[in-house]
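J.: Residue-level listing of the chains:
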Amino acid sequence: NAGVMQNPRHLVRRRGQEARLRCSPMKGHSHVYWYRQLPEEGLKFMVYLQKENIIDESGMPKERFSAEFPKEGPSILRIQQVVRGDSAAYFCASSPYPLKTNEKLFFGSGTQLSVL
Amino acid sequence: DAKTTQPPSMDCAEGRAANLPCNHSTISGNEYVYWYRQIHSQGPQYIIHGLKNNETNEMASLIITEDRKSSTLILPHATLRDTAVYYCNLIQGAQKLVFGQGTRLTINP
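If you read the sequences in order, they're chains C and Z.
Under the numbering used here, the first residue of the first sequence carries the number 529, and numbering increases by one thereafter.
Under the numbering used here, the first residue of the second sequence carries the number 388, and numbering increases by one thereafter.
Only chain C is shown next, with the shape it has when bound in the complex (with noise of 0.2 Å):
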């Protein structure tokens, strides 16, 4: 059984791209999660996502962040017009079931963007 597989590994984009942070979480996971953690700070809370709807998104930049979790394929988080201060590390981490039931959160390796 696979971990949670998130691509790419490195991106690199200029100010103004878009970035597509892509996450497979593991077999039999419908549940999750993704957080941010900027250079040598803790890891942020971004977005809870159970197929297809969005649970909790408190933690999400008001503006050019979006995310989504088809019933098909990976979750996607989105950042359009990347700027600098979006360069961090995006983890993504899944469960197969809630939190509250006593679940733990099963993560991967990491995203990590690069805005020249």
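Hints may contain errors.
Result set (BS3-like, lysine-lysine): computed pairs, CA atoms no more than 27 Å apart in a straight line [stated by the list, open to error]:
| # | chain 1 | residue 1 | chain 2 | residue 2 |
| --- | --- | --- | --- | --- |
| 1 | C | K579 | C | K555 |
| 2 | C | K628 | Z | K439 |
| 3 | Z | K439 | Z | K390 |
| 4 | C | K628 | C | K579 |
| 5 | Z | K390 | C | K628 |
| 6 | C | K579 | C | K632 |
| 7 | Z | K456 | Z | K390 |
| 8 | C | K572 | C | K555 |
| 9 | C | K599 | C | K579 |
| 10 | C | K590 | Z | K390 |
| 11 | Z | K456 | C | K628 |
| 12 | C | K590 | C | K579 |
| 13 | C | K555 | C | K632 |
| 14 | Z | K456 | C | K572 |
| 15 | C | K572 | C | K628 |
| 16 | Z | K439 | C | K632 |
| 17 | Z | K439 | Z | K456 |
| 18 | C | K555 | C | K628 |
| 19 | Z | K390 | C | K632 |
| 20 | C | K628 | C | K599 |
| 21 | C | K599 | C | K632 |
| 22 | C | K599 | C | K572 |
| 23 | C | K590 | C | K572 |
| 24 | C | K632 | Z | K456 |
| 25 | Z | K390 | C | K572 |
What follows is a list of derived Cβ distance ranges for each label pair [claimed, not checked]:
| # | chain 1 | residue 1 | chain 2 | residue 2 | range |
| --- | --- | --- | --- | --- | --- |
| 26 | C | Q608 | Z | N441 | 47 to 55 Å |
| 27 | C | S642 | Z | M446 | 31 to 39 Å |
| 28 | Z | S412 | C | S594 | 33 to 41 Å |
| 29 | Z | I426 | C | P598 | 29 to 37 Å |
| 30 | C | H538 | Z | T493 | 22 to 30 Å |
| 31 | Z | Q429 | C | P624 | 18 to 26 Å |
| 32 | Z | M446 | C | Q578 | 22 to 30 Å |
Among chain Z residues calculated to face chain C with C-beta under 8 Å, some are [claimed, not checked]:
| # | residue |
| --- | --- |
| 33 | G430 |
| 34 | Q432 |
| 35 | H436 |
| 36 | L484 |
| 37 | V485 |
No wet-lab data here; the hints were simulated from the structure.
Every residue, glycine too, gets a C-beta built ideally from N, C-alpha and C.
We have chain C; now place chain Z onto it with these hints.
T.: Below, chain Z without anything else, positioned relative to chain C:
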């Protein structure tokens, strides 16, 4: 999630037991104590969790005080690869895992 308090950093000699404390004085009855760690630049890794009883797995042991207001994560024979930031979290009825600042554990040769 209820608040947890951890020391910002700790050192431990290789081969010795590393004991990482966590205070959670406002913990409620059904909140579980979870520990994760993040080795430099990698994704966080689940370590262990517990409710009331002490727990042990292949990675670590978790000791929870009787009043549940604090806990200790024990790495019995620390190696250099255990150098990481360790996070203590409380989860019950929460939809997301919120990370605090954690403890930066350095294992010294």
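J.: All the hints need checking, so say for each whether the structure fits it.
T.: Going down the list of hints, with the structure as the test:
A threshold of 27 Å between alpha carbons decides the hint, and for K579 of chain C with K555 of chain C the separation of about 13 Å falls inside it, so the pair holds. With a CA separation close to 17 Å, the supplied pair K628 of chain C and K439 of chain Z stays within the 27 Å bound. For the proposed pair K439 of chain Z and K390 of chain Z, the alpha carbon gap of about 18 Å is at most 27 Å, so the pair holds. For the hint linking K628 of chain C to K579 of chain C, the alpha-carbon distance of about 17 Å falls within 27 Å, and the restraint holds.
Proximity of K390 of chain Z to K628 of chain C is assessed by CA-CA distance (about 17 Å); at most 27 Å being required, the pair is judged to hold. With a CA separation close to 18 Å, the supplied pair K579 of chain C and K632 of chain C stays within the 27 Å bound. Taking the CA atoms of K456 of chain Z and K390 of chain Z, the gap is about 11 Å. The hint holds against a cut of 27 Å. With a CA separation close to 25 Å, the supplied pair K572 of chain C and K555 of chain C stays within the 27 Å bound.
For a cut-off of 27 Å, the pair hint linking K599 of chain C to K579 of chain C stands: about 6 Å separates their Cα positions. A hinted pair counts as satisfied when its Cα atoms are at most 27 Å apart, and K590 of chain C with K390 of chain Z qualifies at roughly 26 Å. Using a Cα cut-off of 27 Å, the hinted pair K456 of chain Z and K628 of chain C holds, with the two alpha carbons roughly 20 Å apart. Under the criterion of a C-alpha separation no larger than 27 Å, the hint pairing K590 of chain C with K579 of chain C is consistent with the structure, at around 22 Å.
A hinted pair counts as satisfied when its Cα atoms are at most 27 Å apart, and K555 of chain C with K632 of chain C qualifies at roughly 15 Å. The straight-line distance between the Cα atoms of K456 of chain Z and K572 of chain C is roughly 25 Å, inside the 27 Å bound, and the hint therefore holds. At roughly 19 Å between alpha-carbon atoms, K572 of chain C and K628 of chain C fall within 27 Å of each other, so this suggested pair holds. At roughly 17 Å between alpha-carbon atoms, K439 of chain Z and K632 of chain C fall within 27 Å of each other, so this suggested pair holds.
Under the criterion of a C-alpha separation no larger than 27 Å, the hint pairing K439 of chain Z with K456 of chain Z is consistent with the structure, at around 11 Å. Annotation: proposed proximity of K555 of chain C to K628 of chain C holds, straight-line Cα distance about 20 Å (limit 27 Å). For the hint linking K390 of chain Z to K632 of chain C, the alpha-carbon distance of about 19 Å falls within 27 Å, and the restraint holds. Distance hint between K628 of chain C and K599 of chain C is fulfilled; the C-alpha atoms sit about 23 Å from each other, no more than 27 Å.
Of the pairs offered as hints, the one joining K599 of chain C and K632 of chain C holds, with about 22 Å between alpha carbons and a cut-off of 27 Å not exceeded. Straight-line distance between C-alpha atoms of K599 of chain C and K572 of chain C comes to about 26 Å, which keeps the hinted pair within the 27 Å bound. Taking the CA atoms of K590 of chain C and K572 of chain C, the gap is near 15 Å; set against the 27 Å cutoff, the hint holds. The straight-line distance between the Cα atoms of K632 of chain C and K456 of chain Z is roughly 22 Å, inside the 27 Å bound, and the hint therefore holds.
Pair hint K390 of chain Z plus K572 of chain C holds up; C-alpha atoms about 15 Å apart against a cutoff of 27 Å. The hinted range of 47 to 55 Å is satisfied by Q608 of chain C and N441 of chain Z, whose Cβ atoms lie roughly 49 Å apart. The given range of 31 to 39 Å is respected by S642 of chain C and M446 of chain Z, whose C-beta atoms sit roughly 33 Å from each other. A beta carbon spacing of about 39 Å between S412 of chain Z and S594 of chain C agrees with the range 33 to 41 Å that was offered as a hint.
Judged by the Cβ atoms, the range 29 to 37 Å given for I426 of chain Z and P598 of chain C holds: they are separated by roughly 32 Å. Checked against the given bound of 22 to 30 Å, the beta carbons of H538 of chain C and T493 of chain Z, roughly 27 Å apart, stay inside it. As the Cβ distance of Q429 of chain Z to P624 of chain C is approximately 22 Å, the hint placing it in 18 to 26 Å holds. For M446 of chain Z and Q578 of chain C, the hinted distance range of 22 to 30 Å is satisfied, since their beta carbons lie about 28 Å from each other.
A least Cβ separation of about 3 Å between G430 of chain Z and chain C falls short of the 8 Å threshold, and the interface hint therefore holds. At about 7 Å, the closest approach between the beta carbon of Q432 of chain Z and any beta carbon in chain C falls short of 8 Å, and the interface hint on this residue holds. A hinted interface residue such as H436 of chain Z counts as satisfied when its beta carbon comes closer than 8 Å to some beta carbon of chain C; here the least separation is about 7 Å, so the hint holds. Among the interface hints, the one on L484 of chain Z holds; its C-beta lies about 6 Å from the nearest C-beta in chain C, closer than the 8 Å criterion.
Hint status for V485 of chain Z: holds, given a least beta-carbon distance of 6 Å to chain C, under 8 Å.
When each numbered hint is compared with the structure, no violation occurs for any of them.
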